[in-house]
Amino acid sequence: MQPTSDVARDLASIECRLNGRRLQAVVPVHRTLLDFLRNDLGLTGAKRACDVQVCGACTVLVDGMPVSACTYLALEVHGKTVETCEGLARDGRLHPIQQAFVDAGALQCGFCTPGMVMITRALLNDHPRPSVEVIKAYLHGNLCRCTGYKKILEAVETAARACAAEDRAAAT
Amino acid sequence: MLQPFRLHDPATVADASNLLADLGEEARAYAGGTELLLAMKQGLLHYRHLVNIKPLGLSGIRFDEETRRLRIGATTTHRAVEHSAVVAARAPMLASMERHLANVRVRAVGTVGGNLCFAEPHSDVATVLLLHEATATLGSARGRRVVGIAELLRDAYTTCLHPDELLLDIEVPELPPNAGAAYQKAAFLERPSVGVGVALLPAADGSTVAEARVAVGCLGPVPVRVGEAERALAGAPLRGRAFERALDAALDAVGRACEPVDDLYGSAGYKRQLGVALMRRAAVAARDHAAPARGGGISATD
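Protein chains in written order, with the working numbering: chain R, 1 to 172; chain E, 1 to 302.
Facing chain R, from chain E, some residues (calculated, C-beta under 10 Å):
(1) M1
(2) L2
(3) P10
(4) A11
(5) L19
(6) Y30
(7) L38
(8) Q42
(9) K54
(10) H83
(11) A102
(12) N103
(13) V106
(14) R107
Derived lysine-lysine pairs resembling BS3-like cross-links, with alpha carbons at most 27 Å apart:
(15) K136/R x K150/R
(16) K54/E x K41/E
(17) K80/R x K54/E
(18) K80/R x K41/E
(19) K136/R x K151/R
Hints in this document: simulated from the structure, not taken from any laboratory.
Glycine residues also receive a C-beta, built at the ideal position from the N, C-alpha and C atoms.
Turn these sequences into a full structure, and let the hints guide you.
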């Protein structure tokens, strides 16, 4: 029998792009991405709410795809790009998605909002011109306990239009 | 809070198998982690070692023209299945089920193999695979074996995997081109509370049901095929009163076969009724998609 090849680790070196910047870190292998962002890096946009990947308040994007940072190991971002809501604004101007949430008043306590904004970002990555059904399909895993969802849906529709307009402007 | 563990990165299936055998009950295979890390965080499971099987090259989807089977690697994410053109063409019911599985975040990370190996009773994947009569390839340092989905899932949270075995891939036979199939579920949050699927394979002339497959999930420890319901539908005309009569008999059989329990998602009686109602919808949708004489194709309802 051949000897088993094994690399066993308690710590992991990670190198990734976080909100556009290169980041190198060493983390315990059991560190969740949410703990890494909030406790190690001080990025408190992603929120800890249910902590069991049900509510979506901790939604961040890894390689453009939404994940629940509360139940995702930090080491998994090695070699990938990570986007949190802190990375959306440019030159002091809110991202169109953030602006749409402000304009629609699509929040009350605001705790779910960073997750809502990031799932909208994921939605618009996948579907630049989403139907209401597609918007609901993406948002149904993000819970808001204050507002009901009407204004959130309005904000997402506005954001989709604003992002499409920006893309058109960038293309010309 | 996630308790500390060591992460192992084996290079081959045999290495992973040997590690799992050596570490015994202190270790578990780790892929997407959407089930495992959740249970560990909640203190329901404790492992001092996780064996990372993602780098073993077990992810990917392809269709074998000769065997007419889809092969889906164990560490393929739900999202990859959901977005796969090959799956949409060859197993539209599976694609449709994946589009509605859990939520978009879980689908981006969670794997098909992880879902099956965790054997959570509230799962969509196994119920749909039962309708396809899919098989699972298990591998270890000792070799490989192929089992059916019903054999794989022994009991709630229990599979037939030996301690040193890994799920390598699943093979999903394509349904015949004139078949109709549909899966219906009720879900309050990310897990289904009831999931029912029906596949109807028409006879050559398209007028009667040559073979019926009925699978019920979440209403017992493991999803099951309901033979009595299948026999009630087999041979029935696809249209008219006779189909309705056969369907009524099949619905009675489903009501008797399921073993729901009272929980936060509803009483046993309510869930049984829900199962029967969803079975009716699935059967009618499957019938409507089964190709009549004027032609058609496999379809699936969302």
